[in-house]
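Undergrad: Protein chains in written order, with my numbering: chain R, 2 to 409; chain G, 226 to 557; chain A, 268 to 607; chain W, 37 to 548.
Treat the hints as calculated values from the structure; they're not laboratory data.
Careful, some of the hints might be misleading.
[Stated by the list, open to error] The calculated SDA-like cross-link candidates involving lysine to any residue, where the alpha carbons are at most 25 angstroms apart (straight line), are: (1) G:K469 with R:T21; (2) R:K148 with R:R166; (3) A:K306 with A:I322; (4) R:K144 with G:E416; (5) R:K14 with R:D81; (6) A:K508 with A:I433; (7) G:K469 with R:A149; (8) R:K148 with G:K469; (9) R:K148 with R:D224; (10) R:K75 with R:K144; (11) A:K508 with A:S492; (12) G:K350 with R:E99; (13) G:K350 with R:E62; (14) G:K350 with A:A309; (15) G:K469 with R:E99; (16) A:K306 with G:H358; (17) G:K350 with R:L60; (18) G:K469 with R:H172; (19) A:K508 with A:G431; (20) A:K306 with R:H93; (21) A:K306 with R:E20; (22) G:K469 with G:D548; (23) A:K306 with G:G324; (24) G:K469 with R:E137; (25) A:K306 with G:I362.
[Claimed, not checked] If we take Cβ atoms under 7 angstroms as the criterion, some of the chain A residues that face chain G in the derived model are: (26) S406; (27) S464; (28) I587.
A virtual CB, placed ideally from N, CA and C, is assigned to each residue, including glycine.
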Amino acid sequence: MSSEPLLRVENLKTQFFTETGTVRAVDGISFEVYEGEIVGLVGESGAGKSVASMSLLRLVESPGEIVGGTIEYKGETIFDLEEGPDGELREHPDMLSESEMRERIRGREIAVIFQDPMESLNPVFTVGGQLREFIEINRELPKDEAKAEAVRMLREVGIPDPEDRYEEYPHQFSGGMRQRVLIAMALACEPNLIIADEPTTALDVTVEGQILDLVDDLQDRYDTSFIWVTHDMGVVAEICDRVNVMYLGEVVEQAPVDELFYDTKHPYTSALLDSMPRPDRTVDELEPIEGVMPEAINPPSGCRFHPRCPDAREVCTRVHPENLEVDQAEGYPHRAACVKHDVFDVGYDESVPLEKGDEAETRVGETGSDENVDSTVEEGQASTDGGKANEANQTNRSPNRDGGESRP
Amino acid sequence: MGLLRYTIYRLLQAIPVLIGISIITFVLANLAPGDPVRLMLQGQQADEELIRTIEQRYGLDQPLHVRYWNYMTGLVQGDLGYSIHRRRPVSDLMLERAGPTLLLVLSAYLFAIVTAIPLGIIAAKRRNEPTDHISRIVALIGVSTPSFWIGIMLIIVFAVRLGVLPSAGLVYPWQPPEAAGHGSYLEHWTETIRHLILPMIALGTLQMATLMRVERTQMIESLQEEYVKLARAYGVPERTILRKHAFRSAQLPIITIIGLNLSTALGGAVLVETVFAINGIGRLFVEAIQQLDYQLIMGITMVLGFMFVVGVVITDISYAYIDPRVTYGERE
Amino acid sequence: MATTESQLDDQEPGAAEGGSVDEEVETRVGWRYTLAKVKRDATARIGLYIVAFVIFIAAFAAIDSNLSRLTFDTMSDYTAAQAIPFFDHPTRIPPPGEAHPNEPPVFVDGGSLSHPLGTDPQGRDYFTRIIYGSQVSVSVGLASTAIGLIGGTIIGSIAGYYGGWIDDLLMRSVETVYAIPPLVLIIVFTVFISGGSPDIQYAVIGVGIAFIPVFARIIRSRVLSVREMDYIEAARAAGVKDRNIIRRHVIPNSFAPVMVYATLQIGVTILIVAGLSFLGYGAQPPTPDWGEMLRIAHGRYMHSNIWLSIWPGLAILVTIMGFNLFGDGLQDALDPRIEN
Amino acid sequence: MVAGCIGGDNGAGPDGQHLLYTQEVNPEGDFDPIVSNDAYSAQIIHQVYDGLYEYDYDLELQPKLAAGEPEEEEDGERYIIEIVDDAEFHNGDPVTAEDVAHSFTAPVEEDTDNRPEYDFIDVDGTEAIDEHTVQIDLEHPYGPFETLTVATYVVNESVRTDDPDDYNTNPVGSGPFTFDDWTSDEFVELEAWDDYWGDPQPELESVRFEAAEDDAGRVSQILAGDTDAIATVPPEDWDQIDGEEGIDVHRTESPSYMYVAFNCNEGETTDPEVRRGIAHAFSMSEFVDANLGDGGTPIASPIPPIVNEIWDFPTDDWDEATPDYDPDEAEELLESGLDDPDDWNPTIIVPPDDVRIALGELIASRLDELGYDAEVQSLDFATLTDTYISGDADDYEMYILGWTGGPDPDVYLYNLFHEDNAGVTQGHFYEGSDDFHDTISEARQTADQDERREMYIDVIDEIVEELPAMAAYSEHNTIATQDYVTDMQPHPNVSYNPELVSDDNNVGIDEE
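This is chain R alone, in the form it adopts within the complex:
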């Protein structure tokens, strides 16, 4: 751990401008990533994790746009705004240009591994060809060397007969094997930071375990930093050094992993933890989180979690909590955005607890059942995780992954 972070994100805001309104997918998050560490970005689907991670590469697609905040990587400015002479915001002159981003940052410095290994490889090109292309581009190797390197990387990530498999097409690989290929791609470009966006979500549990072990092992050897985006607290526990918990575009808790698990400061984090099986605790039954996460297009007032929060009080509906430092652990701050902590001092203790089924019901109802049609369709366009319709299928899934879902 060095004092200067590899990546520093400050007050990042990314919004989607849709017909129905502005979706604040990422609404002022801040975090750092230091060299050699794996930082978790956790939350339910729709929390804005993926948008956040794509924002880091400045690859948010229209109608999305980064509207504020600062992203610095190794002292270079990936994103920053400054105030122009007339008070309007404009891009900071230090900000890397699009071509600089492409040539110097993407792939070379920051690589990504996507969620769905089935969709992330181009079905009409050979696996090796795709891997080689990325190596050629990002390491400026000639074709044959790039190929040799590609084969080496395939072997490195544990693909048997890499020479033969180099020539094969993605559909000839199993899901786990494809995810290994994606990891090989990321590592082969020798970046300093890899953003892994739910890389194991689509895999079944045993394969997931293998992949996590592989990443752990490779991370040790290459000393690459990771941002690990997931909704699975189990994975977080297994792999991350520090964790950022996101809810509706905001980071609500930030702490080293052990601290987060053993000294949870935010009710949402607690709810997440309670909804998953934990090796370190025995509970009679898992408690799913109440309700559905509201739309980022029209977030609840005050604390965005309050409609679903067991600890919610009247004040929570009014006061929007910052993510403030509430503790220290292992030399890192432990931040949480919950007014029940003393630092906020907004009169939580005096406030009246909200009655169950009162506000919570209506809130949930607002975006849930009665306008089912709209919500489902709008999900397709306004879902904060990238605007794809298939995301809609996950909306109703409990954050706890319901067993092994494997695809052929």
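Put chains G, A and W on the given structure of chain R with help from the hints.
TA: Leaving out everything else, chains G, A and W in the frame of chain R:
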């Protein structure tokens, strides 16, 4: 399965369809009122004996199923029957007329592909920008305009008013230049192209518009694919993404549509050949219908159906060639 | 043609324009919602207006035409008939003295406001004939699409619901029809069935039959997916008759995408019938049909009076464009993925 | 020299003596005059063969291979014709009396499509008397022999009989052009024959025939400069084409006859009052004016004007007798003539030809106004030929057709009015007065042309009065050429067009 075996397998699969076509045309032709022998005699007075002789010669005195059987056995041997009106074997006429039609349809496709794909890609890339809107309007007009009307307008403007392109006929590149009265191959082929331009545009516009629309949506979809995002995240230049990563998989539906639209294109050839006085199968069909030349009509319908089936097989094969997920025979 | 068939299945509206309509979404989308969405989309709105306008004109012309027919019964009543303020008679050839054949449109030298689009070689008002042409095109488009839709629904739902050899047999037959270029098939049908005197009603039936395959295919693929749904299983388990299951559950569930396709198909139908009339196998003179008018215009007057060629073509273009825009709008509304 | 021309430019343009001529329809490909039965093959034949006699521009016969007028013997059952002695075929064979005799007997002996026109020839008696004299025997006197039959083209008997099928597509004639190349439905190429025995020698070196079936297509081609000359210009386009720089339209009267025939077999039109009523209901002259302009002329008799002139028929009488446009008269006649005026919905069948469709529409429109719901059916020729001879009032009560023949009334009257041809080439089944049909056949079998004339006048008088068919119009023959094409003049006889080389003209290209 190897390519050859796959091709044969697919062609064999087409046999039931061809049998079906033959039944349809045969039944239609024989349900029709009017007596082919009378037609052949074109109103001349004929005694019963003569009519019977002719019926016997062409097997018209047999019951329907026997005639069908005879027709099919002939068909297997490549005999499409005999055009009573033209006094020539139908297969000869087909061989003669298939060339111009194929030349026209293929060049219309070429025109459609060459224009539609770049325009579709640009439209997808500049989605919702003026370029996109213009190309969408062009495509919309293209799918809404009758090919023969385009032909008429093109003739009025380019052949008559401006006098820059010929208004009728084709020059066949497979013929020696002398046959068309040309001094050199250069002149011959220049003339071939000059003659092709207007009918090609008339027939190709609908295809172009259809392909452009599909290309655009496919590219839009393709550009939203995870693997395209991945390529971007790895610093692949946008141009390479358009031309390679997003492009190739976006072409798969295009290939399918090209194959299936062959049916529309062959139908359109009937109209375009009429407007441009091209001696292809389409015009032959119109003439055969006018003369109620049953055998010829059946032959043309069979050949057009066969062309369509072959076209679909070809597109299937190229589909399998481009999409590695498709093994010859079945998809994964 | 196993592969062909599966490719043909892709031809349903979603796929042709990029991806099938999302199952879960579609079944929950109501018509009200769809229409609301169509109205929000500017291009779809234009399409809707054009379609509404053309249908209005066609209906109007139909009424007008009936009025004329009633009043034209005797020579003496003819003058009374002229009092109809809207249009001239579409087929009546003006008697000597009254006729000015091949008059140019109003904005050209020699044109007059009484014949805004000029007159045809018989001296008939071309504007009237163009207007009446909408009646033929629209009714032909609707009627033959309806035939295709009904035929396709019956065949497609039976094939999809029962599967097995019934499916094989029906779909193979249907593919066979598809393999013959529609225009060719329709001409053969029209000429043979009509016994050599083709007319528009035969063409309508012919076009309808020729387009049964496309509808059958869409319906079948919808049915295949609906069939697997739990409530169908439940209905079947509860002993509901197959026929009723198809009628009450399967078909309504397949309705939306089929309607999109039908809307687009009307445009295709009008295009085909225009071609048919152009070759002389659709509407017969003196029916004011756009294709037929183009045939005459192209045959003899292409050079001497190009206006005769221009107006019917434009009328066809605008009408089909209306249906296409409207159909596209419907499709966009039903497919959340193609969202601007 | 002949071979040297191959590869030369045969396309359009004023470069070299090469003419590209666009026909209306492709020749069927029968270039043997014995067999050939289509006007477009005949146009080729006319260039490749010489006739025994040929029509001049007034449709009068002039000797070509014949050395003089035919000598009539045995009361018109025998003709002796002398032929020139210097005529040769393209292959160098001299044209002999044997060849002439063969040309007259072969259609009968071989029972070809042309047999009806030669059926009266006595095959056994017809023979060569010497090398340059032929004797043609007839079964009976045949009136049109001198006006029609003698215009027979002379074939090369030895080459022809050697391989008739090959001869059909590789004709050897004695005309000014030799047959060079032919592709079915594409083109025919002819080369000028440098050793042409006749006079004058053709100015052109080669001619290429192509075809464009629709009028607009041909006009486009001439306007676009894609061709040197086109046959048949629609009258509407004359002004435009004539006004066009560099293009000329040439026209001439022709022996064509269009008519509206009434079903006299069944239905309401069997009543002559009804027929006259219909004729009064519309204005034929207005129609011709509007639809044909200068392209045709309204006619009153079943004989085209150019033939009337040759025969000096009393056309004024007929013009007078023809019903003119008079709606009141029409209404009256129809009301009194119709058995069931409330339920009369006549059907008019027409071929798919725009002018005749328009005429049908006009009649229907006028009848509509009189309160009768008439219907026009445009039928394919194939269907039409089946339908219009049925005599069934359900099929038709009127049909509009045409006939183009030669300068003899027999062509029109026998084919279109005689009972022999009822249900064959005429569908009105007109019974006529007692001697109506007899007069037609008698005139047919009379050699004396003056006698024939008198007989025909009687027949035509009756037709004009009774109107089994009302004469409509006669269309003119037209040819449009680029102005560098010189001396082109359309011939009244369609099958002579383009008349390239004759006593009166010699087409060439002005190469400036």
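Undergrad: When the hints from earlier in the document are held up against this structure, which numbers fail?
TA: Numbers 1, 4, 10, 20, 23, 26 and 27 - these are the hints that the structure violates, sorted from lowest upward.
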